[in-house]
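Based on the provided sequences and hints, a complete structural model is requested.
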Amino acid sequence: MRKRQQTTQVQVAEAMGVTQARVSRIGKGQLERSEVDTLAAYVKAHGGKLKIVAGIGDETCVLG
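Counting in the UniProt record's numbering, the sequence shown runs from 1 upward without gaps.
One or more of the hints may lead you astray.
With a straight-line cut-off of 27 Å between C-alpha atoms, the simulated DSS-like cross-links for lysine-lysine are [as the list claims (entries may be wrong)]:
| hint | residue 1 | residue 2 |
| --- | --- | --- |
| 1 | Lys3 | Lys51 |
| 2 | Lys3 | Lys49 |
| 3 | Lys28 | Lys51 |
| 4 | Lys3 | Lys44 |
| 5 | Lys49 | Lys28 |
| 6 | Lys28 | Lys44 |
| 7 | Lys28 | Lys3 |
Quick list of simulated restraints, FRET-style, between CB atoms [what the hints assert, rightly or not]:
| hint | residue 1 | residue 2 | range |
| --- | --- | --- | --- |
| 8 | Lys51 | Gly17 | 18 to 26 Å |
| 9 | Gln20 | Thr60 | 29 to 37 Å |
| 10 | Val36 | Thr60 | 29 to 37 Å |
| 11 | Leu63 | Lys28 | 19 to 27 Å |
| 12 | Ile56 | Thr8 | 32 to 40 Å |
| 13 | Gly55 | Val10 | 32 to 40 Å |
Honestly, the hints are just simulated from the structure, not real lab data. Just so it is clear, the structure is predicted and the values come from calculations on it, not from any experiment. Note that beta-carbon positions come from the ideal geometry of N, C-alpha and C, so glycine has one too.
Listed below in structure tokens is the structure:
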């Protein structure tokens, strides 16, 4: 996402209010330390909105 928009990790980190290292971890898929609010800020910094999709059996529920 970040590379497609040609933004640096530092720019995204500043927009999110987190460190560059945290943006790096998110970009590498190391999400175990990232809270939903942080992920939402990451997506918002790119002009998007985070939606969480839960699949339970045959049903899908969109949260957010």
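- Message: Can you tell me whether the CB distance of Gln20 to Thr60 sits inside 29 to 37 Å?
- Response: Once the Cβ atoms are compared, 35 Å apart, the range 29 to 37 Å for Thr60 and Gln20 holds.
- Query: Is it true that the CA of Lys3 sits at most 27 Å from the CA of Lys49?
  - Reply: With Cα atoms ~18 Å apart, Lys3 and Lys49 stay inside 27 Å; holds.
- Hint check for Thr8 and Ile56 - Cβ pair distance inside 32 to 40 Å: For Ile56 and Thr8 the Cβ distance comes to about 39 Å; the hint holds.
- Satisfaction of hint between Lys3 and Lys28, Cα-Cα up to 27 Å: holds, 13 Å
- Task: Would you mind confirming whether the straight-line C-alpha gap from Lys28 to Lys44 stays at or under 27 Å?
- Result: holds, 18 Å
- Regarding Val36 and Thr60, is the given constraint of 29 to 37 Å on their beta-carbon distance met? For Thr60 against Val36, whose Cβ atoms are near 18 Å apart, the range 29 to 37 Å is violated.
- Task: Go ahead and decide if the range 19 to 27 Å is satisfied by the Cβ distance of Leu63 to Lys28.
- Result: holds, 24 Å
- Message: Lys49 and Lys28 were given as a pair; does the straight-line alpha-carbon distance stay at or below 27 Å?
- Response: Given that 27 Å is the threshold and the Cα spacing comes to 20 Å, the pair holds.
- Message: Tell me if the straight-line CA distance from Lys3 to Lys44 falls inside 27 Å.
- Response: holds, 15 Å
- Item | Restraint check for Lys28 with Lys51, where alpha carbons must lie at most 27 Å apart | Measuring from Cα to Cα gives roughly 20 Å; hence the hint holds.
- Given pair status - Lys51, Lys3, alpha carbons within 27 Å: Given that 27 Å is the threshold and the Cα spacing comes to 21 Å, the pair holds.
- Message: I want to verify a distance hint. Is the separation of the beta carbons of Gly55 and Val10 within 32 to 40 Å?
- Response: Once the Cβ atoms are compared, 35 Å apart, the range 32 to 40 Å for Val10 and Gly55 holds.
Hint check: a violation occurs at hint 10 only; the rest are consistent with the structure.
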